[in-house]
Amino acid sequence: MPARFVSIWFRHLLTDWLTIRRPDLQGQAFVLAAPDHGRLVITAASKAVLSQGISEGMVVADARALIPQLQVFNDRPGLAEQLLQALCKWCIRYTPIAAVDKPDGLVLDASGCAHLWGGEKPYLEAIVAQLNAFGYDVRVAMADTVGAAWAVARFGNGGQGIIPSGQQTDALLPLPPAALRLEPDTLERLQKLGLYQVSSFITMPRSVLRRRFGAALLLRVDQASGWEEEVIQPLLPPLPFQERLPCLEPILTRTGIEIALKRLLDTLCDQLQQKGKGLRSAVFKGYRVDGKLEQVEIGTHRATHNVQHLFKLFEDKIPTIRPALGIELFILEAPKVEDLAPLQESLWSGGCSLESIGLAALVDRITSKLGEQVIHRYLPEQCYWPERSFKQTDSLLEKATTEWRNDIPRPVRLLPEPEPVTVSAPIPDYPPMLFTYKGQIHYIKRADGPERIAREWWVEAGPHRDYYTVEDQEGRRYWLFRSGHYDADNPPCWFIHGFFA
Amino acid sequence: MPATKREMIAQLQKELLLLQGFKPPAANAVQIGLGPVETAFPNAVFPTGAIHEFISDAAEGVAATGGFVAGLLAPLMQQGNVCLWISASRTLFPPALKAFGVSPDQVLFIDLAREKDVLWVMEEALKCEGLAAVVGEIKEIDLTASRRLQLAAEQSRVTGLILRYQPRRLSTIACVARWKITPLASEPGNGMPGVGFPRWQVALLKVRNGQPGVWQLEWSAGRFLSVTPHRIAPPVAEIRKIG
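Just so you know, the protein sequences line up as chains V and S, in that order.
Just so you know, the UniProt record's numbering puts 23 at position 23 of the first sequence, and the rest follows in order with no gaps.
Just so you know, the UniProt record's numbering puts 159 at position 159 of the second sequence, and the rest follows in order with no gaps.
Mixed in with the good hints, there may be bad ones.
To be verified - In silico DSS-like cross-links for lysine-lysine, where the CA-CA straight-line distance does not exceed 25 Å: (1) K369(V) to K116(S); (2) K369(V) to K98(S); (3) K180(S) to K438(V); (4) K139(S) to K399(V); (5) K277(V) to K336(V); (6) K312(V) to K116(S); (7) K312(V) to K5(S); (8) K139(S) to K438(V); (9) K98(S) to K391(V); (10) K192(V) to K262(V); (11) K285(V) to K275(V); (12) K262(V) to K336(V); (13) K277(V) to K262(V); (14) K275(V) to K312(V); (15) K336(V) to K275(V); (16) K438(V) to K391(V); (17) K312(V) to K277(V); (18) K98(S) to K317(V); (19) K206(S) to K317(V); (20) K262(V) to K98(S); (21) K369(V) to K285(V); (22) K127(S) to K369(V); (23) K369(V) to K317(V).
Keep in mind the hints are simulated off the structure, nothing from the lab.
Only chain V is shown next, with the shape it has when bound in the complex (with noise of 0.2 Å):
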């Protein structure tokens, strides 16, 4: 199937605009100017002033000389893309694939989709029809490529012509130079040469047509016989993975949003399946009778194209979709997909590692109702200060680069602060004989340290501790530590900072 495009071109988009808002300028002379260097030029003018000698370009001050009723309005810079824009948009209903055409048109990737308006012809009819009955003036052409559409609808006779495949370069021959989009400078020297047609040019030789006019110009004609391929940018890039479900009748219960979030995944899975993909991601949205746009998300940890899996990831949060009068069309996409190399099926389920497809399921159900924050895994850090000795890691699969330490005692329970004990220690660097914590007096009988730990000075600033691990009467194990060095003018602070085992 060859590409087959559309080019739309609006001949007086922004006055057209302001005659759809304001109907009583119909027929009038107008125009719409924007300062340039301290004087109003005109950038747009109505169809009356333009059959008057005036053009685009000229200061409003000379065009009032010639018609004294000139009304003038004011342009905002940016208006007509934004009009194009809101153009394109509503043009998706002819393709999917919908591009601006800057400064005054619209290019659309028709291939596969005039069969569904009964043909070529009748699909630019509609297109023309609609656009005429809004109030825009417009000129369409279709052909195989980007270039010759856009030459054809600016410069063919009638602005209304489908170039049948194949024949753009035909058909671009009596056209002007200018139907190429080429530079102002460009056309000046064709102009100068006496080469007002392509057809007197195109048959040089490509070295001369370089030499003379470098290679842009070849590299217009190329596009335009599609010999060079083009590529347009979409409004809205078409995602590969999209399933549509639209109803005959507008869906109000859970139990019908339930059977079509069910056949959009089973068709979604079998696509990604043949694909060797799975997703990452997944939105399911609803239309809405009433205009406005429901949407659920999911997300997992792994790339799956597991139906019942995704189907229970989105279970909880169906509650959360409002359908109001009714949903009419639903839509399931799938953002982010990944490969995914096919997995044996183990016949009988043996562990669950961390690289299990079980355990991903899970996390998956838990961080969908429970959110991203609740699950953490911890690697090991070089850090003997016990705060950083690890560190959080968002992903399953990640290895520890270092060992975990087993050489050096660490408690069970750490306090998220250390907190404040009073001690009475025998002579400095020893351990305390006792100390009271939460009011209860524990009279220590065996101790262990000290092991100093300091800070690490590119990471903060502060005193050091000296650890130590003790037991009172009772058998209870605590890790007390001494802030900083002794001295005898102020009282060292002690901490307790956790409990062993």
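We have chain V already, so just place chain S on it with the hints.
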């Protein structure tokens, strides 16, 4: 003859256990290595795939329970399986698990804001076959909730451990055993100075179809070591007045 009588009673007890659904341990069952404590359980095997309840009254008890539980997890996680530690107020220090033979990066910590969510996550996790164990820190749990957990654990053969700190009411819940771990003074031996290996008093307050008792255990060289070879007198139940 007393010997034959004892044999007969033991035989009958075995048959009773079979009738009650306690199967003799499989050949590839995990050895927890609790030593004499395991004799308290039916068939003298630590029951995996069931719910165990741990009570602690004081902050020191929580630490002792944490250490003991980590010691239980180590053999369960031997094959690289993952353990879930679900809590609403966790104070466990992950690097400490290494001392009990558990690699902390094999443990997924799930820290939640509400206790209600702990029950939901625990049930979901217990339904996930193949997990090594699921540890949940829950203060209050009732019979219905615990029965849901027990049923999920029986289905998936995942061991569930409930850690309860200062529970308001000690009502009956559907678990196979109720433990209480308290710290004991350590003895380095040979008159050595300093703090020795962690030592606990392990009390089995309730065992389904088993014999409650109290033992003293020490964690040394990566395994449980019994300090007292024999069972200490079982805790005396409160005498309730009838009528």
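Verification of the supplied hints:
1. A C-alpha spacing of about 13 Å is found between K369(V) and K116(S), which places the hinted pair at or below 25 Å, so the restraint holds.
2. As the CA atoms of K369(V) and K98(S) are separated by approximately 31 Å, the hinted pair breaks the 25 Å bound.
3. Distance check on the hinted pair: K180(S) and K438(V) sit about 23 Å apart at the alpha-carbon level, within 25 Å; holds.
4. Simply put, K139(S) and K399(V) have alpha-carbon atoms about 34 Å apart, too far for the 25 Å limit, and the pair is violated.
5. Taking the CA atoms of K277(V) and K336(V), the gap is near 10 Å; set against the 25 Å cutoff, the hint holds.
6. The suggested pairing of K312(V) with K116(S) holds, with an alpha-carbon distance near 21 Å, which does not exceed 25 Å.
7. Taking the CA atoms of K312(V) and K5(S), the gap is about 57 Å. The hint is violated against a cut of 25 Å.
8. Taken as a hint, the K139(S) and K438(V) pair is honoured in the structure, with Cα atoms around 22 Å apart against an allowance of 25 Å.
9. For the given pair, K98(S) sits about 15 Å from K391(V) by alpha-carbon distance, which is consistent with the 25 Å threshold.
10. Between the alpha carbons of K192(V) and K262(V) the distance comes to roughly 67 Å, so the proposed pair goes past 25 Å and is violated.
11. Only pairs whose Cα atoms come within 25 Å are accepted, and K285(V) paired with K275(V) is accepted, the gap being roughly 23 Å.
12. Restraint check for K262(V) and K336(V): satisfied, since their Cα atoms lie roughly 20 Å apart, inside the 25 Å limit.
13. For the suggested pair K277(V) and K262(V), the alpha carbons sit about 19 Å apart, so the restraint of at most 25 Å is met.
14. For the suggested pair K275(V) and K312(V), the alpha carbons sit about 23 Å apart, so the restraint of at most 25 Å is met.
15. Between K336(V) and K275(V) the CA atoms are separated by roughly 14 Å; this keeps the pair inside 25 Å, and the hint holds.
16. In summary, the hint linking K438(V) to K391(V) is not supported, as the alpha carbons are separated by about 31 Å, beyond the 25 Å threshold.
17. With a C-alpha separation of about 20 Å, the suggested pair K312(V) and K277(V) falls inside the 25 Å cut-off, and the hint holds.
18. For a cut-off of 25 Å, the pair hint linking K98(S) to K317(V) is broken: about 39 Å separates their Cα positions.
19. For the suggested pair K206(S) and K317(V), the alpha carbons sit about 42 Å apart, so the restraint of at most 25 Å is broken.
20. For the hint linking K262(V) to K98(S), the alpha-carbon distance of about 45 Å lies beyond 25 Å, and the restraint is violated.
21. Our distance criterion of 25 Å between C-alpha atoms is met by K369(V) and K285(V), whose separation comes to about 19 Å.
22. A C-alpha spacing of about 16 Å is found between K127(S) and K369(V), which places the hinted pair at or below 25 Å, so the restraint holds.
23. The hinted pair formed by K369(V) and K317(V) meets the criterion: a straight-line CA distance of about 8 Å does not exceed 25 Å.
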